[in-house]
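First residue of the sequence shown? That's 1 in our numbering, and the numbers climb one at a time after it.
It is possible that some hints are incorrect.
Said to hold, decoys possible - Computed cross-link-like contacts, DSSO-like style, restricted to lysine-lysine with a CA-CA straight-line distance of at most 30 Å:
| no. | residue 1 | residue 2 |
| --- | --- | --- |
| 1 | K158 | K103 |
| 2 | K101 | K149 |
| 3 | K77 | K158 |
| 4 | K101 | K58 |
| 5 | K101 | K158 |
| 6 | K98 | K46 |
| 7 | K46 | K58 |
| 8 | K77 | K101 |
| 9 | K77 | K149 |
| 10 | K58 | K98 |
| 11 | K77 | K46 |
| 12 | K149 | K98 |
| 13 | K58 | K103 |
| 14 | K98 | K77 |
| 15 | K58 | K77 |
| 16 | K98 | K158 |
Claimed, not checked - Each pair of labels, with its calculated beta carbon distance range:
| no. | residue 1 | residue 2 | range |
| --- | --- | --- | --- |
| 17 | H100 | I142 | 19 to 25 Å |
| 18 | P102 | E135 | 29 to 35 Å |
| 19 | G57 | K101 | 16 to 22 Å |
| 20 | K77 | Q56 | 15 to 21 Å |
| 21 | A42 | A88 | 19 to 25 Å |
Read the hints as simulated data drawn from the structure, not as lab findings. Note that CB positions come from ideal geometry on N, CA and C, so glycine has one too.
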Amino acid sequence: LLIAGMLLRSPAQTTPTSQSSSLSSGNSTQVKIVRAMSAGPADVAKTARIVDTDAQGKMVVLREGNNGFTCMPGNPKAVGEPPMCVDAAAMQWYDDAKAHKPKPTNTIPGITYMLAGATQRSDSDPHDTTSMPIEIGPHWMIMWPFDPKTTGLPTSHKPTGAYIMWAGSPYAHVHIMGRP
Numbered sequence: 001l002l003i004a005g006m007l008l009r010s011p012a013q014t015t016p017t018s019q020s021s022s023l024s025s026g027n028s029t030q031v032k033i034v035r036a037m038s039a040g041p042a043d044v045a046k047t048a049r050i051v052d053t054d055a056q057g058k059m060v061v062l063r064e065g066n067n068g069f070t071c072m073p074g075n076p077k078a079v080g081e082p083p084m085c086v087d088a089a090a091m092q093w094y095d096d097a098k099a100h101k102p103k104p105t106n107t108i109p110g111i112t113y114m115l116a117g118a119t120q121r122s123d124s125d126p127h128d129t130t131s132m133p134i135e136i137g138p139h140w141m142i143m144w145p146f147d148p149k150t151t152g153l154p155t156s157h158k159p160t161g162a163y164i165m166w167a168g169s170p171y172a173h174v175h176i177m178g179r180p
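Go ahead and model the full structure; you've got the sequences and the hints to work with.
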């Protein structure tokens with residue numbers, strides 16, 4: 001997914017960059033909570049913290065959680081802004097990418113769930129903002145620097161199985177189609 005769609009607005013906030021103001025979209029809080037929860041496995045989403053952003057880009061907690069995951073409703077009208085559930089390590093990965101750090105600083109692999117599907121622009125260029133949107137089915141990701149040469153995984157999108165997204169960049173990660 002497009003980095004801009006997944007990244008945090010600032011290191012202190014825990015929402016994706018372009019999760020642009022789903023609060024102002026007219027959806028009720030309950031609709032947003034249901035959409036955010038659709039991104040993760042039921043056992044993760046049921047006790048995850050649910051956050052969104054307001055019109056100023058500030059994080060708003062819609063529901064507190066207690067399992068270390070944060071779920072976001074995304075913006076269904078924007079490419080690269082899917083509903084997602086992430087753990088703290090994945091959140092760090094997104095913070096680092098947003099800050100244009102040379103490589104992620106998370107010290108353990110992070111998990112990102114996008115089980116409601118997503119749209120994205122490129123599997124190879126994290127900064128692509130102009131290619132035609134690509135519809136992606138339910139998937140989840142391991143946010144850790146994987147090298148396709150050592151893993152033997154392909155680098156192009158597949159409708160099933162796993163591949164390395166953004167291969168050759170420090171933000172390459174495993175993208176796994178389907179539900180865990």
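Hint-by-hint comparison with the structure:
1. K158 <-> K103: 25 Å, holds
2. K101 <-> K149: Given that 30 Å is the threshold and the Cα spacing comes to 23 Å, the pair holds.
3. K77 <-> K158: Given pair K77, K158 holds - Cα atoms ~24 Å apart, limit 30 Å.
4. K101 <-> K58: The given pair, whose Cα atoms are some 22 Å apart, holds under the 30 Å limit.
5. K101 <-> K158: 29 Å, holds
6. K98 <-> K46: 28 Å, holds
7. K46 <-> K58: 24 Å, holds
8. K77 <-> K101: At roughly 29 Å apart (the allowed maximum being 30 Å), K101 and K77 satisfy the hint.
9. K77 <-> K149: Measuring from Cα to Cα gives roughly 36 Å; hence the hint is violated.
10. K58 <-> K98: Holds, because 16 Å separates the two Cα atoms, which is no more than 30 Å.
11. K77 <-> K46: 25 Å, holds
12. K149 <-> K98: 26 Å, holds
13. K58 <-> K103: It holds: about 26 Å lies between the C-alpha atoms, which stays within 30 Å.
14. K98 <-> K77: 22 Å, holds
15. K58 <-> K77: 19 Å, holds
16. K98 <-> K158: The hint holds at about 26 Å.
17. H100 <-> I142: 19 to 25 Å: 22 Å, holds
18. P102 <-> E135: 29 to 35 Å: 32 Å, holds
19. G57 <-> K101: 16 to 22 Å: 21 Å, holds
20. K77 <-> Q56: 15 to 21 Å: Given range 15 to 21 Å: holds, Cβ gap about 19 Å.
21. A42 <-> A88: 19 to 25 Å: 20 Å, holds
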